[in-house]
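Student: Here are the chains, one letter per residue:
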Amino acid sequence: MSVLDIPDFSLVVLIGATGSGKSTFASRWFLPTEIVSSDHSRALVADDETDQSATADAFDLVEAIAGKRLKNRRLAVIDATNVRAADRRRWVELARRYHALPVAIVVDPGADICIERNRARPNRDFGPAVPQRMVQEIRRGFTGLQREGFRQVWRLSSVAEIDAASIDRRPLWTDQRQDQGPFDIIGDVHGCADELRLLLERLGYRIDGSPEAPQVIAPQSRKLVFVGDLVDRGPDTPGVLRLVMAALRDGVGYCVQGNHDQKLSRWLAGRDVKVAHGLEQSIEQFGRETPEFRNEARRFLDELRSHYWLAGGRLAVAHAGLKEELIGRGSGAVREFALYGETSGEIDAFGLPVRLDWAAEYRGKTTVVYGHTPVPEAEWVNNTIDIDTGCVFGGKLTALRWPERELVAVPAARVYAEPARPFLAAADALTGQAEADRMLDYADVGGRRFVDTELMRRVVVAEENAAAALEVMSRFAIAPQWLVYLPPTMSPVETSTAAGYLERPEQAFAYFRERGQASVMLEEKHMGSRAVIALCRDDQVARRRFGVIGDEAGQIWTRTGRAFFAPAVRDAVLARLRQAADAAGLWDELGTDWLLLDAEIMPWSAKASSLIAGQYEPVATAAVDSLSAATAAIAAASAHGVDTGGLEARFAQRLDRAIRYGKAWAPYAWPVDGIDDLEVAPFHLLASEGAVHFGRDHRWHMALADRLAEAGSGLLTRTRTLEVALADDSSSAAGCQWWEELVAAGGEGMVVKPLDFTARGAKGLLQPALKVRGPEYLRIIYGPEYDLPEHLERLRKRGLGRKRALALKEFALGHEALRRFTAGAPLRQVHECVFALLALESEPVDPRL
Amino acid sequence: MFLSIATTHQPATDLGYLLMKHPGRVHETEHAFGRSYVLFPEAGAERCEAVLLLEVDPIELVRGRGQTEGLLDQYVNDRPYAASSLLSVALNRVFRTAMAGTSRERQPLADSAIPLEITVRPLPAQGGAELVERLFAPLGWQVTAAALPTPAGTPSRYVALTIAGTLRLADALSHLYVLIPVLDSDKHYWVGDDEVEKLLAKGGAWLSAHPERDTIARRYLKDRRKLYRAALDRLAAAEPEAEIEDEAPLQPEAIVEARLNTHDLRLDRAAEIIRQSGATSVADLGCGEGKLLRRLLKLPALGRILGVDVSMQSLRRASENLKLGLPGGPKADRVSLLQGALTYRDPRWAGTDAAALVEVIEHIEPDRLPAVEAVVFGSAGFRTIVVTTPNADYNVLFDGLSAGAFRHSDHRFEWTRAQFRDWAEAVAARHGYSLEIEGVGEPHAEHGALTQLAVFRR
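Residue numbers (the numbering used here), protein chains in the order written: chain A, 1 to 849; chain B, 1 to 458.
It cannot be assumed that every hint is accurate.
Listed below are several chain B residues computed to face chain A (Cβ distance under 8 Å; list not exhaustive) [said to hold, decoys possible]:
no.: 1; residue: Leu-39
no.: 2; residue: Glu-42
no.: 3; residue: Ile-59
no.: 4; residue: Pro-151
no.: 5; residue: Ala-341
no.: 6; residue: Arg-345
No farther apart than 20 Å at their CA atoms in a straight line, the calculated lysine to aspartate or glutamate pairs in the EDC-like style are these [as the list claims (entries may be wrong)]:
no.: 7; chain 1: A; residue 1: Lys-71; chain 2: A; residue 2: Asp-8
no.: 8; chain 1: A; residue 1: Lys-323; chain 2: A; residue 2: Asp-168
no.: 9; chain 1: A; residue 1: Lys-607; chain 2: B; residue 2: Glu-60
no.: 10; chain 1: A; residue 1: Lys-797; chain 2: B; residue 2: Glu-442
no.: 11; chain 1: B; residue 1: Lys-21; chain 2: A; residue 2: Asp-643
For the record, the hints were derived by calculation from the structure and aren't laboratory data.
Just so you know, these numbers come straight off a predicted model, no measurement behind them.
No residue lacks a Cβ here, since even glycine has one placed at the ideal position from N, Cα and C.
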């Protein structure tokens, strides 16, 4: 019984005449979903398996289905006669396109059997000539199958062989996903044997045996992975090879092939290669070695794999990196990319090929560790890291510990070779990630989006909302590098039933009490405009940490991501805030050189003056005038004896409300001539270096805000607060009274927050805050006469479900954005959250809520 | 909303007969938008005054709007209080017979001119008190329009309008019916086809002779140009054809550059450069409503034309303008319109030969330009790129433009020729393009051409 060992990811092409038993063979060894049959496709497009006129369309369909399977890294079997080389070329190309190995299986029981079987089947009355011709053609073409590009060719030449054959699937050599590590991944060694020994020792490996026959003993169950380019340029290529060969022989390591390794192996094999780029050092060193060692080294270097896929698929190691669509696959293109990376074909000023920055575009979930291009520091870029820190050029030899993601490095003892292109970067340059982040991709934000968040799992954004957000983001918003957060929308309380009120504190207390909260923080709601403030210690911090390109040392933006101030005012405000942060000692205390604050900036009129002048004032003018004239006319009619019924009292009531409406925004509006007329009231410290402060309770946040306000001169203002114990009736009553006093004095109202910033109840995340607005403030929102009983009654029927669902999603997205930002995630991952949040804001929701 | 009609015709109480309302009672009428009351604050033999009060239900007025745009200003507005087309609707209903000029009891009086004094307040005077005068005075009214102060004491856009004169009551009411909405110019319901009929029915007699006829027709029908022309054609049927000034709402940029018709020049030049480049595919980045696309469609060498814009509304208009997917429109897969932004790399542009950015970069914040550069010049791989932008040097030649101001309120910058050259040269050097810069439009000896254009090639 013969066993056909085929790669578990391959394109299997069956070759056999009609009636040869291909389909039966296929169905015995492959899943129905793996088999893509031309007969079945003919039926799909023409309702008839034998309709030859549908052949072209049927084969397009076969190719499409098989292509999609390969794209998803699934094995596919082409079940068609595939008699001629021209028929098969299409499949070899398809396999190459998706970097799958093409495998040919020839099923050839002999022409007589085929003729016999066809006779027994309906609609196959084409006589003996067709199968005979097919069998002949297949046999003629057999020897050419390898040349056609098939990486494996199997032949089953009798019924007995076909029946006895079995298929065994093997993972690709590069697929070592079952190996969970832990690993120590070593950058380009280039013959620096001393540094390698030092690094291995620092990583806890022990090197025993003689220099000629070393042994590498790993700590615990750790394994080494070399990113290739073990050889050339450096002082002791044979020494390095001995160590690495020993590690691999003892099962404590992997090594992928580098371009230098490949070239040296070709030289060792006697091939004609150009002696340059450090090969001359290797040649010189190999001159002192025995032919046996040379042979051993040649075989070792030649058999190195293009890349390894490790740790359950979470890690890939390749010499020059690997695009997502190449990982765990096999083709010439995979090896080419893994060894050389992608170049544009152009040559730069140093005579080196211009590399295309695949890492900047990388979007994969698999971490890719690579070397090849020397960099001054190993830096994470889009879940990839280049750990070639130029040891042979006098840099250092770097290892990445996995899964710890810790970098360990040993400096080079000296400069062994001069690089063609200087690789030490300017001190003030943007980080590699920031460079890569300059370019965001439409694919990262466009269309229907799913964003996975820690607080709420998946948040879905509809395509039309994303389209709206794209417009706002690109036309009006500040640079995405600054825009690392947007605040969530805030729901009001359920409506109150108390006479004359639309909103009251009792409903807010009930919301949190019913969801298991012990206490809430009441915070005065400043009537200004919401602002998010990124405050950096200086412009260098801004460039380094946020990756911005300007000279500004911070930014202030509105809840839709627009710049809050013109640059000059912004910088003046930031300077004051910076002084306050200095004086309060926040930088050292929090171990940060930037702060992200959530604040309200007053007066309201600073942002809303056009709304006041264009909307609110005219309404007041019109209301007062028309109701005054009406009241006077009614009074005059009454005076001469007309029975005006309740009209006089009713219009007097209406006039009173119109007059109150005209005064409603007075407390929130004052002229602004300079920053001394502004007030900034911070109430959350959202994040600082390495930390999102959503785990801190509101006592902590308010204490910090108070300290800032105290330390600041002028500009900063405090937020009045009161803590209420929800189980305690007198405490709740005190909370209500506090609110009543606040709004009676002209305040907008208050915000009620659970004491914990992120609070959960039995049914999940709770509203992070509920607003309770004062009756006079609501006049601005709902109109002059909203609290006439017949109006109020109708306004009470308002649905909050949509608003609250949005508030939670936006809260989760805002948190996620900050979580990613503080963890140093690529901009696109932060931007994705903020973009989604902005997109949700385009949902139609009653803006009066 | 407050309207009073007073007369000193003797006996003044005949006003009650003309209006069909008894002066001793309050007359209440239900309307779709609320209620109205007619009452008489004065009903003597020397002077009689009838007042029409409208009480608009503010809650019903905004009901159902929650599903639409979501702007706060829709919810709190002056509609319940200001004189508007709602008042016209109420007039037509409450004083129907008087408006028709009939009276069961006093027909001869209804047929004669009587001394009238009418007050409307608050009346939004869009166009100023002066327009109020121009509208009412030619009809025989003495006009007093007193600006009403805001609560803060500053002047508002509202006036208390009083008109006095000796006219037929029916004429007076028809003047109010038409001219109140004209002054308000913010009709509460959508302008429909029957509006023309209404306008002609109510204003036919006097409107065709009114010197402000065009303004009235246009504003009454709220710039719905088709309707406006239809109405005007019918009014002017007997007169020789008069050229009607094009008064589509103009962008400031368009006003500034209007005489010069430069936009067409720019688009023609950009299309010509694309043609000469030998490109077979092109992306119009920032295609707007498709003016350049329409030119590119005429170039047979272009097999694939992409229109990219960030505004979905512009793309919809472009699709309509180009008749995409309609008979007579371009071939199915020759043109595609995509929403996209120049700050986001876009794989959908891959493999396109040429790109045009006509009057686009100046709408982008300077700190986003490096991103645009990376996307358009760095990653997209275009072989020819045409960029146009205003020449700030030229701005001094515009009368209407103050120093340092931009031609369009959405411009984030406008570059001098030197600034544009610096930017373009740096971009060309970084991305391996050759560069040519030219001016578009008649060049001024000192300040150059209106528009500057750069062609990047590689």
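Student: Which hint numbers doesn't this structure obey?
Tutor: 8, 9 and 10
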